[in-house]
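**Q** Chains A and B supply the protein sequences, listed in that same order. In this text, residue positions in the first sequence follow numbering that gives the first Met the number 0: the first is 0, and each later residue adds one. In this text, residue positions in the second sequence follow numbering that gives the first Met the number 0: the first is 0, and each later residue adds one.
By construction, these hints were calculated from the structure, which means they are not laboratory data. Be a bit skeptical, because a hint or two may be false.
Simulated crosslink set (EDC-like; lysine to aspartate or glutamate; CA at most 20 angstroms straight-line) [unchecked claim]: (1) B/K282 - A/E104; (2) B/K210 - B/E227; (3) B/K210 - B/E59; (4) B/K282 - B/E212; (5) B/K210 - B/E363; (6) B/K282 - A/D106; (7) B/K199 - B/E212; (8) B/K282 - A/D102; (9) A/K209 - A/E176.
Computed spacing ranges between beta-carbons, pair by pair [said to hold, decoys possible]: (10) A/S245 - B/L251: 55 to 63 angstroms; (11) B/L251 - A/R243: 57 to 65 angstroms; (12) A/E204 - B/R358: 36 to 44 angstroms; (13) A/G142 - B/R12: 20 to 28 angstroms; (14) B/A339 - A/G142: 43 to 51 angstroms; (15) A/T208 - B/R12: 28 to 36 angstroms; (16) A/G142 - B/L332: 24 to 32 angstroms.
Quick reminder that beta carbons are idealized off the backbone N, C-alpha and C, glycines included.
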Amino acid sequence: MSDHLRPAQSGTARGETRRSFDSSRGAARERFVGPAVQVTGVWKSFDNGRVPVLEGADVTVAPGEMVALWGPSGSGKSTLLHLVGGLDRPDRGEVRVLGGNVDGEADRVRLRRHHLGFVFQLHNLIPDLTVAENCAVPALAVGRPPAETAARIEELTAAVGIAHRRAHRVQDLSGGERQRVAICRALMNRPEVLLADEPTGSLDEETATKVFALFRDLVRREGAALLLATHERRFAEACDRILRVSHGRVLPL
Amino acid sequence: MTFSALVRVNLRRHWVRTGIGVAGIAFGCAAMLTILSIVLGAIGMFERILDTDSQVLVFERDVSDLFFSSVPAASAAEIRRLPGVAAANPVLFGIVSAPGHPIVTCFGVENDNPRLSGATWLAGDRATFGPADGAVLGERAAAFLKVGLGDELPLGHTTFRVAGIVRTANGFEDGGVFLPLASAQTFFHREDLSSIIAVKLADGSAAAAFKDEIARRYPKLIALENREFAQGYSQFRILKLTGWAVGICAFLLGGLGVANTMLMSVFTRIREIAVLRVCGFSKLQVARIIVVEALAMAVAGCAVGLALGFAVLFGIQQVPQLNGYVQAVVSPLVLAGIVATSIVTALIGALYPAAYATRIEPAEALRYE
Chain A
0 MSDHLRPAQS
10 GTARGETRRS
20 FDSSRGAARE
30 RFVGPAVQVT
40 GVWKSFDNGR
50 VPVLEGADVT
60 VAPGEMVALW
70 GPSGSGKSTL
80 LHLVGGLDRP
90 DRGEVRVLGG
100 NVDGEADRVR
110 LRRHHLGFVF
120 QLHNLIPDLT
130 VAENCAVPAL
140 AVGRPPAETA
150 ARIEELTAAV
160 GIAHRRAHRV
170 QDLSGGERQR
180 VAICRALMNR
190 PEVLLADEPT
200 GSLDEETATK
210 VFALFRDLVR
220 REGAALLLAT
230 HERRFAEACD
240 RILRVSHGRV
250 LPL
Chain B
0 MTFSALVRVN
10 LRRHWVRTGI
20 GVAGIAFGCA
30 AMLTILSIVL
40 GAIGMFERIL
50 DTDSQVLVFE
60 RDVSDLFFSS
70 VPAASAAEIR
80 RLPGVAAANP
90 VLFGIVSAPG
100 HPIVTCFGVE
110 NDNPRLSGAT
120 WLAGDRATFG
130 PADGAVLGER
140 AAAFLKVGLG
150 DELPLGHTTF
160 RVAGIVRTAN
170 GFEDGGVFLP
180 LASAQTFFHR
190 EDLSSIIAVK
200 LADGSAAAAF
210 KDEIARRYPK
220 LIALENREFA
230 QGYSQFRILK
240 LTGWAVGICA
250 FLLGGLGVAN
260 TMLMSVFTRI
270 REIAVLRVCG
280 FSKLQVARII
290 VVEALAMAVA
300 GCAVGLALGF
310 AVLFGIQQVP
320 QLNGYVQAVV
330 SPLVLAGIVA
340 TSIVTALIGA
350 LYPAAYATRI
360 EPAEALRYE
C-alpha cells in the first residue's frame, strides 16, 4: 500500500476524508483517515543557517478545510507551502501530506502528480501553449487519456469562465484570465490538497476579488483542502481558519 | 495535449536556435555523405580497374602503394604457364603530365589486355594499339586533353600519337591514357617491370592453391584475391578511415551545436521546467523532453543533411573539370552509419543539458518570482 494511503497514526484533526482516493490511479480505492496536511515542528533556514525562516512551525489542515497562512512578505508563508509540496526539505521536523511523508523523490513525484495542486502568484504558465494545453500539463505527467483530459478541461474552464478561450495562447490573455488558467491547471488531476501562494497577488483589486471568489468556490466544489498563503486580510478571512505566520512561527489567529 | 506537442512547441518557440542546431547536424550529415561516397566511389573505381577479367592480383609484397610495386615482367610469362592459370596480364601504373593537366593516370598494358578488348572503341580499333608512339585515350581524357584520333599528344617530355579513343565503365580508365606496356616501361624508366599481374584462373575455386604456389616461387611477391585485396590494401583502409574521421569530426561540431542549443534552451526554461516538476513531471520525464527535442533536431538535421549531401554529390558529378573521376557510391551501410552517428551525436549532445534540467530545484527556481 502506498505511503499516502496509510491511515494516520495519530493526530487526526477532522476525522475522515470526505471522499476516497487512490494514489496510484488504478489501485483499489481506499479511504484515508487523518489530516490532509500535518506539519510538525518544522525548522527551515537558508544561506547555511544564516537566514532562519521557520522555527518550529506546526500546521494541521483537515480534508476539505480552507486554511489561510497570513503574514507579511518574507514571513515564511511560501517556504511553508514549498515544504508541504515537497519542493523543499525541512532542516528539522516532519511534513506529512495525506498521512505520508514527502522525503523521497518518488513520494514527492507521486504526491504532486495525484494529490497536490499548486497556484502561484505569477501564474507560471507555459508560453506558446494554449489555455487547454497548459491545463493539460498535469494530465500529461500522469498519462491520462486525451478524451478524459479534454472533458476535464472543458469542465474546469467552464467553471472559471474561460471556456471560450481554450484554444487561445496564454500570452493573449489578461492577467486575471491567466490566473484562472493556472487554477484550472492546479485542479486538473483532482488533487486532495491545493497549495496557493498569493494567487491574486499580481492582479488589480477588482480582478483579484473576482478571481479569488471563483477560486474559493471551485476549490470548495472540488472538495479539496486549501492552504492559502496571503498577506491580504480579506482573502484570509474568506477561509475556514487563519494561521498567522510571524517570526518563523505559525500561530492561530 | 500530447508529449510530442510539448516538444514541438519548445522547438518552435526559439526557431532560430533550433535551426542552428539542426544546421549543425545537417552539415555533419552532408559532409559525411559527400566525403564517404566520393571515397567509396574512388575505391570502387580502383577496384574495378584491378579486377577486370581476373580473380587474383600478384604484386610486390609489403608495398605501400601499387604505383610503387615492381613485378618482373618475366614473372608474367612464368605465371601464365602455371597450371590452372587462364590468363596473366601485367599492368604498369604511372602518372604523367600533359599540357594544362599535371596529373593523368597512365596504364601500360599489353595488346590483348581485356581492358581494351572489353572497351567500346569510339575512334580507331584494337589493331591500331601497339606502335611505340601510339596512345589510346579514355573518352574523358580525350575530351579534357582536347585531342582526337591521329593528333599529337605531349606527355611529359615525349610526344605520342593518339591511336584510339575508348569508352570504359570506369572513371579512372576513362580519364586515363593507355600505352603499350613496353612504351610505358621505357617512359617511366621501369624496364621489364609491371605494377601488378592480374591473373584469371581457369577454376576460380583454385585460388588458394595458386596463392600458395606464388608464395613458394616468388618470396618477394604476394597473390591476393580481389576481395582480400580490397579489404586489406592499406591505401583503401586509410581512405575509408580518413573519410569516417573527417565525417565524425564534422558531426562533433554538429554535436556541440546541439549541446549548445539544448543547454541554452534549458537555461531559458528553468522556471518552466520547475513548473513541470511542480505539475508532477518526474526527473526522467523532464530529461525525456530534452532528449526527444535533441533527437527531433537530429532527425530533421539528418533529413536536411542527406538531401544537401545528395545535391552536392549530384553537383560534383556534373562538373566537367572533374573528368568523371568522382563516381559517388552511396552505400546503405554509409547511410545507416550517418543516421546512427547523427542520433548518437544528438544523444551525447543532450546528455549534459538533460542532466542539468533534472537537477533544477523547483523551489529554488520559483522562489524569486
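**Q** Which numbered hints does this structure break?
**A** 4, 5, 14 and 16
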